[in-house]
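J.: Assemble the whole structure, with the sequences as input and the hints as a guide.
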Amino acid sequence: MKILNDEERDSHWQTVLIEGLKGTVVGAGLAGLMVAGVKRRYPVPYKNFNASIKAAMWAMPTISMAAFYADDGSVKFDEQTHRSDYLEKVEKERLERWETLSTGDKIFTKVNDNKYKIIVGAWAASLWGSWAIVNKDKYMTTAQKAVQARVYAQAITVVLLLGTLLLSMHEKKLADSLPAPVPEWKRYLDEQESEKQAIQQHAKAQAEVPKQ
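Note that full-length UniProt numbering has the sequence shown beginning at 1, numbered continuously upward.
Be aware that one or more of the hints could be misleading.
Claimed, not checked - Computed beta-carbon distance windows for the label pairs:
| hint | residue 1 | residue 2 | range |
| --- | --- | --- | --- |
| 1 | Ile133 | Leu189 | 32 to 42 Å |
| 2 | Pro183 | Val44 | 53 to 63 Å |
| 3 | Thr81 | Arg41 | 40 to 50 Å |
| 4 | Asp113 | Trp13 | 24 to 34 Å |
| 5 | Ala59 | Thr164 | 32 to 42 Å |
Unchecked claim - Derived lysine-lysine pairs resembling DSS-like cross-links, with alpha carbons at most 27 Å apart:
| hint | residue 1 | residue 2 |
| --- | --- | --- |
| 6 | Lys106 | Lys136 |
| 7 | Lys92 | Lys172 |
| 8 | Lys22 | Lys39 |
| 9 | Lys117 | Lys172 |
| 10 | Lys172 | Lys39 |
| 11 | Lys76 | Lys196 |
| 12 | Lys136 | Lys76 |
| 13 | Lys76 | Lys92 |
| 14 | Lys115 | Lys22 |
| 15 | Lys173 | Lys186 |
| 16 | Lys106 | Lys92 |
These are computed hints drawn from the structure, not numbers from a lab.
Built from N, CA and C at the ideal position, the CB exists for glycine as well.
T.: Written out as structure tokens, the structure reads:
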């Protein structure tokens with residue numbers, strides 16, 4: 001384990017603090033949206049909540065996001081400070097593999113790298129779109145509209161799941177066509193071993209230099 005000096009410790013603390021503040025702002029925003037939604041959707045039950053429940057509705061999202069951002073900032077600081085050369089090497093190898101891909105495989109890779117964002121976004125859009133379409137019907141009751149919108153959303157969800165399955169199958173096919181990558185942990189250990197040997201060789205060379 002690498003021991004931090006005072007300058008690195010201060011930089012690490014500043015990074016964690018800044019990222020934690022960002023998470024606090026994001027969490028407070030999410031908490032505000034949640035509280036506003038509950039107050040609007042369930043005004044009577046919300047008024048009956050005691051102070052502890054209302055405080056928890058604000059505190060839990062805020063603290064959770066602050067902790068997540070702070071931890072993520074700490075990890076990124078460690079990567080940039082102690083593994084920057086290694087990560088640059090990994091990124092260079094990734095770009096070299098990228099250049100060997102066809103246009104279709106490049107498009108697939110981009111989609112696959114962001115598939116969960118796309119799926120969640122498409123699912124949320126399907127919920128909103130289903131309700132927007134069904135809500136135009138003036139003859140259906142609210143309960144009937146909700147049931148119909150759920151049917152549409154479920155159908156779209158099945159399509160998204162099938163799309164995810166196809167992406168996974170193509171990902172496996174693409175991975176099989178490429179050379180087997182060296183595990184990241186092994187490359188990292190090899191790099192650490194190389195650095196250790198270089199330091200030992202340098203120390204040995206210094207020891208062999210005749211003293212004046």
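J.: Run every hint past the structure and note whether it holds.
T.: Here is how each hint holds up against the structure:
no.: 1; hint: Ile133 <-> Leu189: 32 to 42 Å; in the structure: 55 Å, violated
no.: 2; hint: Pro183 <-> Val44: 53 to 63 Å; in the structure: 56 Å, holds
no.: 3; hint: Thr81 <-> Arg41: 40 to 50 Å; in the structure: 46 Å, holds
no.: 4; hint: Asp113 <-> Trp13: 24 to 34 Å; in the structure: 32 Å, holds
no.: 5; hint: Ala59 <-> Thr164: 32 to 42 Å; in the structure: 35 Å, holds
no.: 6; hint: Lys106 <-> Lys136; in the structure: 41 Å, violated
no.: 7; hint: Lys92 <-> Lys172; in the structure: 22 Å, holds
no.: 8; hint: Lys22 <-> Lys39; in the structure: 26 Å, holds
no.: 9; hint: Lys117 <-> Lys172; in the structure: 20 Å, holds
no.: 10; hint: Lys172 <-> Lys39; in the structure: 47 Å, violated
no.: 11; hint: Lys76 <-> Lys196; in the structure: 24 Å, holds
no.: 12; hint: Lys136 <-> Lys76; in the structure: 48 Å, violated
no.: 13; hint: Lys76 <-> Lys92; in the structure: 18 Å, holds
no.: 14; hint: Lys115 <-> Lys22; in the structure: 26 Å, holds
no.: 15; hint: Lys173 <-> Lys186; in the structure: 24 Å, holds
no.: 16; hint: Lys106 <-> Lys92; in the structure: 16 Å, holds
Hint check: violations occur at hints 1, 6, 10 and 12; the rest are consistent with the structure.
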